[in-house]
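Asker: One letter stands for each residue in the lines below.
Number of protein chains: 8
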Amino acid sequence: MDQNHLRELLEQVRHGAVDVDAALARLRHMPFEDLGFAKVDHHRAIRVGVPEVVFGKGKAPEHVLAIADRLNERGGNVLITRTEARAAELLQARFPEGEYFPLSGAFRIWKDRSIHGKGKIAILCAGTSDIPVAEEAQVTAEVMGNEIVSIADIGVAGIHRLFNNRDKFVDAKVCVVVAGMEGALPSAVGGLVPCPVVAVPTSIGYGASFHGLAALLGMLNSCASNVTVVNIDNGFGGGYVAGLINRV
Amino acid sequence: MDQNHLRELLEQVRHGAVDVDAALARLRHMPFEDLGFAKVDHHRAIRVGVPEVVFGKGKAPEHVLAIADRLNERGGNVLITRTEARAAELLQARFPEGEYFPLSGAFRIWKDRSIHGKGKIAILCAGTSDIPVAEEAQVTAEVMGNEIVSIADIGVAGIHRLFNNRDKFVDAKVCVVVAGMEGALPSAVGGLVPCPVVAVPTSIGYGASFHGLAALLGMLNSCASNVTVVNIDNGFGGGYVAGLINRV
Amino acid sequence: MDQNHLRELLEQVRHGAVDVDAALARLRHMPFEDLGFAKVDHHRAIRVGVPEVVFGKGKAPEHVLAIADRLNERGGNVLITRTEARAAELLQARFPEGEYFPLSGAFRIWKDRSIHGKGKIAILCAGTSDIPVAEEAQVTAEVMGNEIVSIADIGVAGIHRLFNNRDKFVDAKVCVVVAGMEGALPSAVGGLVPCPVVAVPTSIGYGASFHGLAALLGMLNSCASNVTVVNIDNGFGGGYVAGLINRV
Amino acid sequence: MDQNHLRELLEQVRHGAVDVDAALARLRHMPFEDLGFAKVDHHRAIRVGVPEVVFGKGKAPEHVLAIADRLNERGGNVLITRTEARAAELLQARFPEGEYFPLSGAFRIWKDRSIHGKGKIAILCAGTSDIPVAEEAQVTAEVMGNEIVSIADIGVAGIHRLFNNRDKFVDAKVCVVVAGMEGALPSAVGGLVPCPVVAVPTSIGYGASFHGLAALLGMLNSCASNVTVVNIDNGFGGGYVAGLINRV
Amino acid sequence: MDQNHLRELLEQVRHGAVDVDAALARLRHMPFEDLGFAKVDHHRAIRVGVPEVVFGKGKAPEHVLAIADRLNERGGNVLITRTEARAAELLQARFPEGEYFPLSGAFRIWKDRSIHGKGKIAILCAGTSDIPVAEEAQVTAEVMGNEIVSIADIGVAGIHRLFNNRDKFVDAKVCVVVAGMEGALPSAVGGLVPCPVVAVPTSIGYGASFHGLAALLGMLNSCASNVTVVNIDNGFGGGYVAGLINRV
Amino acid sequence: MDQNHLRELLEQVRHGAVDVDAALARLRHMPFEDLGFAKVDHHRAIRVGVPEVVFGKGKAPEHVLAIADRLNERGGNVLITRTEARAAELLQARFPEGEYFPLSGAFRIWKDRSIHGKGKIAILCAGTSDIPVAEEAQVTAEVMGNEIVSIADIGVAGIHRLFNNRDKFVDAKVCVVVAGMEGALPSAVGGLVPCPVVAVPTSIGYGASFHGLAALLGMLNSCASNVTVVNIDNGFGGGYVAGLINRV
Amino acid sequence: MDQNHLRELLEQVRHGAVDVDAALARLRHMPFEDLGFAKVDHHRAIRVGVPEVVFGKGKAPEHVLAIADRLNERGGNVLITRTEARAAELLQARFPEGEYFPLSGAFRIWKDRSIHGKGKIAILCAGTSDIPVAEEAQVTAEVMGNEIVSIADIGVAGIHRLFNNRDKFVDAKVCVVVAGMEGALPSAVGGLVPCPVVAVPTSIGYGASFHGLAALLGMLNSCASNVTVVNIDNGFGGGYVAGLINRV
Amino acid sequence: MDQNHLRELLEQVRHGAVDVDAALARLRHMPFEDLGFAKVDHHRAIRVGVPEVVFGKGKAPEHVLAIADRLNERGGNVLITRTEARAAELLQARFPEGEYFPLSGAFRIWKDRSIHGKGKIAILCAGTSDIPVAEEAQVTAEVMGNEIVSIADIGVAGIHRLFNNRDKFVDAKVCVVVAGMEGALPSAVGGLVPCPVVAVPTSIGYGASFHGLAALLGMLNSCASNVTVVNIDNGFGGGYVAGLINRV
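Chains as they are written, first to last, in the numbering used here: chain P, 341 to 588; chain Z, 341 to 588; chain C, 341 to 588; chain U, 341 to 588; chain D, 341 to 588; chain X, 341 to 588; chain W, 341 to 588; chain G, 341 to 588.
Calculated directly from the structure, the hints in this document are not laboratory data. It is possible that part of the hints are untrue.
Beta-carbon label-pair distances, calculated as ranges [unchecked claim]:
hint : chain 1 : residue 1 : chain 2 : residue 2 : range
1    : C       : Gly459    : U       : Arg434    : 37 to 43 Å
2    : X       : Arg426    : D       : Glu348    : 54 to 60 Å
3    : U       : Phe395    : C       : Glu439    : 42 to 48 Å
4    : G       : Trp450    : X       : Asp359    : 37 to 43 Å
5    : G       : Asp409    : D       : Lys397    : 51 to 57 Å
6    : C       : Arg414    : U       : Lys458    : 28 to 34 Å
7    : Z       : Trp450    : X       : Ala362    : 40 to 46 Å
8    : C       : Pro442    : X       : Ala400    : 46 to 52 Å
9    : Z       : Gly398    : X       : Arg410    : 47 to 53 Å
10   : D       : Glu437    : X       : Ala400    : 19 to 25 Å
11   : C       : Pro442    : X       : Arg410    : 40 to 46 Å
12   : G       : Ile407    : Z       : Arg434    : 43 to 49 Å
13   : Z       : Trp450    : G       : Glu437    : 51 to 57 Å
14   : U       : Glu351    : C       : Lys508    : 28 to 34 Å
Computed from a prediction, not measured in an experiment: that's the story for all the values here. Glycine included, every Cβ here is placed at the ideal spot set by N, Cα and C.
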C-alpha cells in the first residue's frame, strides 16, 4: 500500500502529471511509515512468533480484556504479563483455553506451539522466592517457541546443588539466571557454561538489598564475561532476549 | 592426563591392587578438575576461538609481557585489554606483528583469522568520546572470529543519522550499542532491529552523569525488550557476549 | 490600593499632617507588598492569564472547595491540580461548568479562553502510562491561554512513530516532552526541533527506574543542548514554563 | 546539493532515463540527510546564529584547532567551550582576533555581532566561585546574538543584595541563575520575576554537596514554578536554552 | 537516694561495719547511676523544665497512657510527641486539661508555665505543608519555658513575605526554620539574623525531593554560617535544641 | 546410602561386572551429593544443633505448617522466623508445646535443650524499639544451645547505663549488638570487651536513617576492630553467627 | 547616610520640592540597602567580634593576600581558612605577627583578644586524624572571643577516655564534637552534657565511610536530642555556631 | 596503682582522716581509669598477643617511625599497616629484622611466634587483584599467633577451583573471604563450611562496582547464614576478628 503510494507519485512524475518541484515537496513530507519503516515491527512479529506482549499491571481490567480480544483475533500466541486479580478473572472467563500463572500473573493463549529455537533455554533460579520472576521468563520464552529446562532453588550458598544439576543446563544455547539477595548465581553459572547468560536480578531480600539494587550491582560486576543483565524483576525481558538469542 | 589418573585407579580396583574402601577414600579427595570439570574452560576456548583474555590494567608491565609470552605459545589469538603505556611499549617491541589500539589500550596478536560467527555484528556508538569503549568491543569480537560493522557518532539527538545508517546494521545478528550521557541509543536501536542488543554504558559525561550511572540506569530501563546491559565502560564484555550470541 | 496607601502617607507628609520622622518610621515598617513588590505576582497573573494555581494533594476536601470558591470569585481561570476523590466530587457539584480530568486529578474552570501564546505548544509523551502527567501539562498550558498539540505514545523504541508525527510538532514554539523509564524521548525530540524543550521525567517504570530517577538523570544528561528539566511527575511545572516561554 | 541530488533523480524519472522501480529502490536507500532532514540543523544554525559548538575538553589540541579552522571557514560565529591549556594557546596563536576566557576555558571568534534576541537575558550567580560557569553561559548567549546583563555574588544568605539588584534583572526576558552549595538562588529569583528561569547547579561546595548533587536536587524541587534545570556545571546549556527562549 | 546509698556505705566503713576490701568490691560493682551520673538527667530536667519526652509513634496506646500517667505524677510538664489516633483519644479522656495538637500528634500537659528562656525563639516555616513539623517544634520549645513567635508560609519563592515579616524574628535569640522541597529558607533567614539558626528539613515534596533528602542536603550546604541541621521532620529536635540555646 | 551407591559401583568394577570405561562414564555423571557433599549440611546440623531454619515471611500459612511438620519429625529443635499472623495461629494450634514470640514472629519447638556453647553470648540492644530484632537473635542463639544474657535499652546517649551493665557482658564469649538510628552501640561495646562483636543494624529511625542505612554504615566504619556486621534487621544472622563463634 | 537619603526625600516632599508621584516612583526604586537592610551585616560584625571570614581554598595566592590586606586594615581580627601552601607563605611574610595553623590551613591575625562568650566552649574530637577539622573549629571560636577547652582522641571505642575527661567539658556552655568514621561521639557526649552539641562529621575513613557520609548520617540520627549537625569537614561552621550560641 | 588510690581513700575514711562528705565528693570525680576500666585494654593486649596496631596511612614517616620505636620497646609483636613508601624505607632501615609486605604496605616485627589460635584460619580471595587485602588479613592474623592457610584466585566464575581447594579450608575454625567486583565468594564458601565466615569486600572493579559498594552489598545480602562483613578493603579488620574468633 505504502509502496504503491510512492510508486503512484513516481508514475505521475514520469507522465508529467506532477512536476519535479511538487514531487520534491511531497516526498519530503511523506511519513516514514509509508516508506516501509513500520514494517520492521510486522517483520519482527512474524519472525519471532510472538505478537506485541501486553504489560497488564496498572491497566483497567476491562482494558486488558479488550486488548486481549484484539490480540486473540490476530491469530498468534497471546501473552499478557502481570495481570492483576480482577483482570485475571475476566481473562479466564473469556478464554477458558488460556493458561493463567498466578505466581507471576501471566496469562497465555496458545495458537501455535511450533518450536522456533535452535536449542533449549535453561532458566535457573537461586531461591524459591525468585520463582515468580523465573516463571515469567519461562512463560515468555515458551510462547516464542522455545524448549525450556527450568531449575529452581540452586543458590550459591548450596553450590553442590548447582553442580548436581549441571548436566541439565550445560548444553543449553542460552541461560536465564534469576536471583535476588546477593545475586551471585549468574557468575557461578557463567563459569560453568560456554553460552550467553542473561541475568535477572530480583527484588527478593530486605535491608541492604535495597529492593534488588544489591543483586543488580552484583550481576553488573560479574567476573564471568558471558553475563548480561536486565532490569530488576524483569522476567519477561530475560525470557524475551533468551528467545531472540536462541534464534540467531 | 586427569582421565588417566582416574582410569588408573579404577584399573587398580579391578585388579585388586586397591580395595574398594581405599578407592572410595581416594575418590572423595580427588580434585574435581581431575574428574573433567576444568575441561569446560578448554572446550570453551576451542569452540569460541579465543584463549583467556588478559585484563592489563593495574598489572606490572613485565607481568603483562610474561603472560603474553605464555598465551602466544599456546597458538591461539591473543588479546590483552587496557594495557598501560609502558606495557604497550614492551608488547610492541616483543611482538612486532601485534596490533596496538591506543584509544582503548588493546593489544592483539592474530594466529587464526577464520570467521566463526554466523552473521555480522554491528557495533554502534553514540558520540566520538565513546569510541574507545566501542573499539574494545570491536577488537574483542573480531579476535573471536566475527565480521564487524562499526558505526560511530549516531546519538539520538541527531536521530536522522541513525536512520541514514540503518541499512548497515538492520540485518546484523546482534548489535552492541555503546553510549554515555543519557544512554538512549540502545532503546532507539532496539526498536529498529529484530536481534538482541547488548548495551554498554560509558562513563562519558559530567555532573549528573555520575560516572556512567545515568547511562546505565537508562539502559536498564529501556522500553525496547531486546536490550541487555553490561557494566559501565565494559567494551570487552559487550564484544564478548555478542561474539557468543553470534555462534549460538 | 497599596499604592494608594503609600500615596496617602506622602500626601500627609506634604500637608504636614505627618512629620518626616514619623513618616520615616512608618515607611520602614510598611510591608513590602504595600510598596509594590507583591504586584509582581499580580502583574504575572494579568499577563499570564492564570491566577495562583492550587496544589490539591493532601489538602482537606472542604479546604480545596473553599479555596476554589475564592479563586472563582476573582474572575480569572481557575486551576486545581491533583485533587483527590472526595475533593473532586465537591468541586464538580459546586461548579458544574468546570472540567474534571480524572487521570491527572486536575479541575479547571474557564472564565477567559483568549489565546495569549505566540505559537503552539507541543506536548509529547513516550508511553500511555505517561499520559496523566502530560495531561496535567496540557491542562495547565491551556488555562494560561495557549494552543496545544498533544501526541502520545511515541517512545524512542518505536522511533519511526516519532518521525511520522514530526510535522505536527516541528513548528511548535516550545515542546514539553514527558517520559518515564529511560527518559530518552526529550533527546530525540530535541534533535529534531529548533525550539526549547522542557523535559518532564515520570515515575513510570519499576526496579532500576528508582521511581523516576533513571529518567531524570537521562534528561539532565541529554546530548541535545535545547533540553531543560523539571521535577519528576511535575506536569504542572512543564506546562507552566512552556506557557511562559510561549509569551517571551 | 542534496536537494539537487534528489531533483536530478526526479528529472531522470521524468525523462525516462530511470524507470519507476529503479527510482523506488534508490529512494528507499537514499540517506535521509539527502532528503532534507539534515537541514533541520542548518536551519537552526541560520535562525539561531551560532554554528555547532565544540566541546573542547578531552580533545587533542591539534584536533580542536582543526575543528576551529573548519568552523571559522563557514563564516559564522565560532565557539569552543572548555578548551584546555595547550589548545587555548594554539587557538590564540591562530586566531589573534579571538577572545579567550580563561575562567571557563571558552574561546570565541566573532563574525556577526547582530542582536537576534527580543530582550535582554539576565545571568545571575550566587557566589564568586560560580563565576566560571556563569561566564560560559554568558559567552554562549552572547555569541547567539543576545544582550546580557550579568550579576555576580548575590546568594540567598545575603538576600538584600538580590533585592538591591532587582531592577537590573526584573525586566529580563529570561534569567539564567547559576548556584552551587544549596542552590537556593533560582527559587528566590523565580519568585521575583515573571519570566522563565533556567537554573544551572554548580559543583561548588564540599562534603554533603556531593559534587553539585545538593544544588541540583534543590533546584529540581524549587517551589517557584518558573524554574527549569540543566546539568551540573552546564553553563553552555543554560546560556544556549536562554538564547533559544529569547527568540521564541 | 543514690547519694544516701553511697553515704551509708562510707558511714559503714567509717564505723568499721564494713572493711576496706569489702567496700572496694562493692564500690566497683555499684552502678554508676548510684554514683551520681544519672543525676545529669535529673539536673537537666530541673534546669530545662521538661521531663523526658515520650516518642509516641509505634507504641501501644495503653503503653503511652501508662507512661503519661507516670510522667504526670512527677509533677513537671508532660510532652508526648507523634501520638497515634487511639492513643490521643485515651490521653484526652484521661487528661481533660491536656492540649492535643492533631497536626503533629503532640499531647501536652502543663504544670509550670514559667518562662526560662532569655529571649524569644522564632519558628519560621516555608509552606503550609510544613506546619505540622513547625508545630512540633513550637509545642516542644514552649513546654521548656520559652516565648515563641511563629511565622508560616514565607518560602523563598515569595521572598518579599520573608522581608515583610523580618521585624518579627530579627531580634530572636535563636531561629528554628522548617522547610521541605528545596529547603532554602534557612539560608535566607540565616543571612538576615545574627543568631543561631536551627534548620529542620521536612519530607514535603515529591519526585526528586527523595523524602526530604533534597532539603536536608540544601541545609547542610547552606552558605549562611550560622545554620545547623537536625534530622528530616525532626520538629522536636529543632524545638529542643532551640530551647537549650535560649538558656545558655 | 550414597556411599553405598558408590561402593556398589566399585564392587562391580572389582568383580568385572562393570568395566573401567563404563565406570568412568558413570562416575563423571554421578551427582556430587551422592559423593558425600550434601553431608556437609547434615554434619553442620549435627554439630551446630539446629536444623535448617525456616524464614516464614511471605510463605503461605499452610506451607509454613507443612514445613514445620516435616522439621518436627526429624527430631531436632525447630525454628521458624518471621511468621505472619495466620501462620502463627496454625503453628500454635498444632504445636501447643511450641513457644511463640510475637514481637519478632519467631516460633520455636524444643527437642533438645543441652548447651553446646563454650560460654555465654551477650545480646545488647540500644533502644526499646530494637527489641524485636534482638529477640530474634536470642531465640536463634538459644535454639542452637547457647546460654544468653540479654540487655535492652543501653544506647550511647545514656552511656552510663552501658557502664552500669558492663559486668553482665564483659566476660561473654561473643556479643551481638543491635542498634538502629546512628548505630553507635557496637563501637562502644567493642571498646569494652575483648571478644568478637556481631553488629546488627536495625531499620528503626526516620528521615535520614534511610531505613537502617545510617546504622549500617556506622557499624561498617566502626573504630573498634572487633566489630563485624550483618544485614539490616537480620537478628537471625546475628544470633546464628554468634552461636557458631561460641563453638569454635 | 541611607537614612539621611530617605529623610532628604521626605523633606523635599514636605517642602513641595518633589511632588507625591515623583516621590512614589523614587521610593519604589530605592535600593533596600539604602533603607537599612545591609546594616544587619555590620551589626553582626560588631556584635560577634569577627569580620567576614575568607575561605582560602581555590583562591589565587595573590588574591588571598589582597583580601587579607583589606581585612587587616579594618581593624578587627582576621581569619582566613584553608589557605593553600603558596598563600600561606605570602601571608606569613606579610603578617609576621599572624598565626599559621598548618594542619587546617587557617591563618589568623589578632587585633582584639577580649572574651565575648559567656562560658567556655568544649571542642572534642574522636581520633587524631580529626584534629585538623577540630583545629579549624577552635581557631574560629577563639577569634570570635571565646575561651576553649580542647580534647582530642576520645572516640567511643575507648569510651573510658571520654568518661575520664568528662569533668573538662561537662560544664561547657556548648560542645563542638568532631568525628569521622562512624561519627558516634556526638551521641555519647550529648548524653553526658545538658548543653547544645554541634556535631561536625569529617571525611576521615575509607570504603563505606563514603567520604564522611556515614558519619554525617550517624550524627543526623543521633538519639541524643541536643545534637545538631553541620556539613562534612566544616570545622569553621562548627566553631562559628558555637561562638554564636555562647553569646545568646 | 589505681586500686591502691581508692584503697587509700577508704583507709582514710576508716581512720577518720577524711570525712564521709569529702570522700563522697572525691569519689564522684575519680576518673574511671583509676577504677580499673582502662585495664580492659591491657588485658586484651595480653590475651590476644598483639599490641595496638598502627594504621600507617596518612601519618608522617617520622611519626610512624617514632611510634614503631615505642611499640618495639614494649616487647610484643609490632604491626604497622598501610605504610607509605618513605615510612617503609625508614622502618626497614631501623628494623632490619622486620618484614615488609609491599603489596599491602604492612610492616611486622616478630617478638613472639607462639601460636594462640585453636585451629587454622583460612584466608581465601577471589582474584589476584584482591591479594593485597588478603595479605593484610593474613599478616594480621599471623601476628596474633594463628596458623593460616591462604588460597588465592578462586572466584565463583571458576567455581571448580573452589571445589578443588575445598579440602584445604573445610576444616578451618574460621574463614576470611576477600572479594571485589560482585563479591560472591563468601556466599559460596559459606555454603561449604560449618564455621563463621568473615567477608571482606574490596574496591577492585570499575564502573558499577562503585568502589566496592557492589561487593559490600552482595556480602551483606548473603544467603549463607554464617557470613558477617567488615568495611571495604579492611583486610586488617577481617584478620583481626578471625584471630579473636579462633580463640573464643
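Asker: Give a verdict on every hint.
Answerer: How the hints compare with the structure:
In this structure, glycine 459 of chain C and arginine 434 of chain U meet the distance hint of 37 to 43 Å, their C-beta atoms being roughly 41 Å apart. Here the CB-CB span from arginine 426 of chain X to glutamate 348 of chain D is close to 56 Å, well matched to the stated 54 to 60 Å. Separation of phenylalanine 395 of chain U from glutamate 439 of chain C is about 46 Å and conforms to the stated range, judged on CB atoms against 42 to 48 Å. Distance hint check: the CB atoms of tryptophan 450 of chain G and aspartate 359 of chain X are about 58 Å apart, inconsistent with the given range 37 to 43 Å.
Between aspartate 409 of chain G and lysine 397 of chain D the Cβ separation comes to about 56 Å, which falls inside the hinted range of 51 to 57 Å. Judged by the Cβ atoms, the range 28 to 34 Å given for arginine 414 of chain C and lysine 458 of chain U holds: they are separated by roughly 30 Å. Between tryptophan 450 of chain Z and alanine 362 of chain X the beta carbon distance is about 44 Å. The supplied range of 40 to 46 Å therefore holds. Our hint of 46 to 52 Å for proline 442 of chain C and alanine 400 of chain X is violated, since their Cβ atoms are close to 37 Å apart.
For the pair glycine 398 of chain Z and arginine 410 of chain X, the beta carbons lie near 51 Å from each other, so the given range of 47 to 53 Å is met. Between glutamate 437 of chain D and alanine 400 of chain X the Cβ separation comes to about 51 Å, which falls outside the hinted range of 19 to 25 Å. Hint check: proline 442 of chain C to arginine 410 of chain X, Cβ distance near 51 Å, so the stated range 40 to 46 Å is violated. One distance hint, 43 to 49 Å for the beta-carbon pair isoleucine 407 of chain G and arginine 434 of chain Z, holds here, with the actual separation near 46 Å.
Distance hint for tryptophan 450 of chain Z and glutamate 437 of chain G: a CB-CB separation of about 53 Å, consistent with the stated range 51 to 57 Å. Here the CB-CB span from glutamate 351 of chain U to lysine 508 of chain C is close to 31 Å, well matched to the stated 28 to 34 Å.
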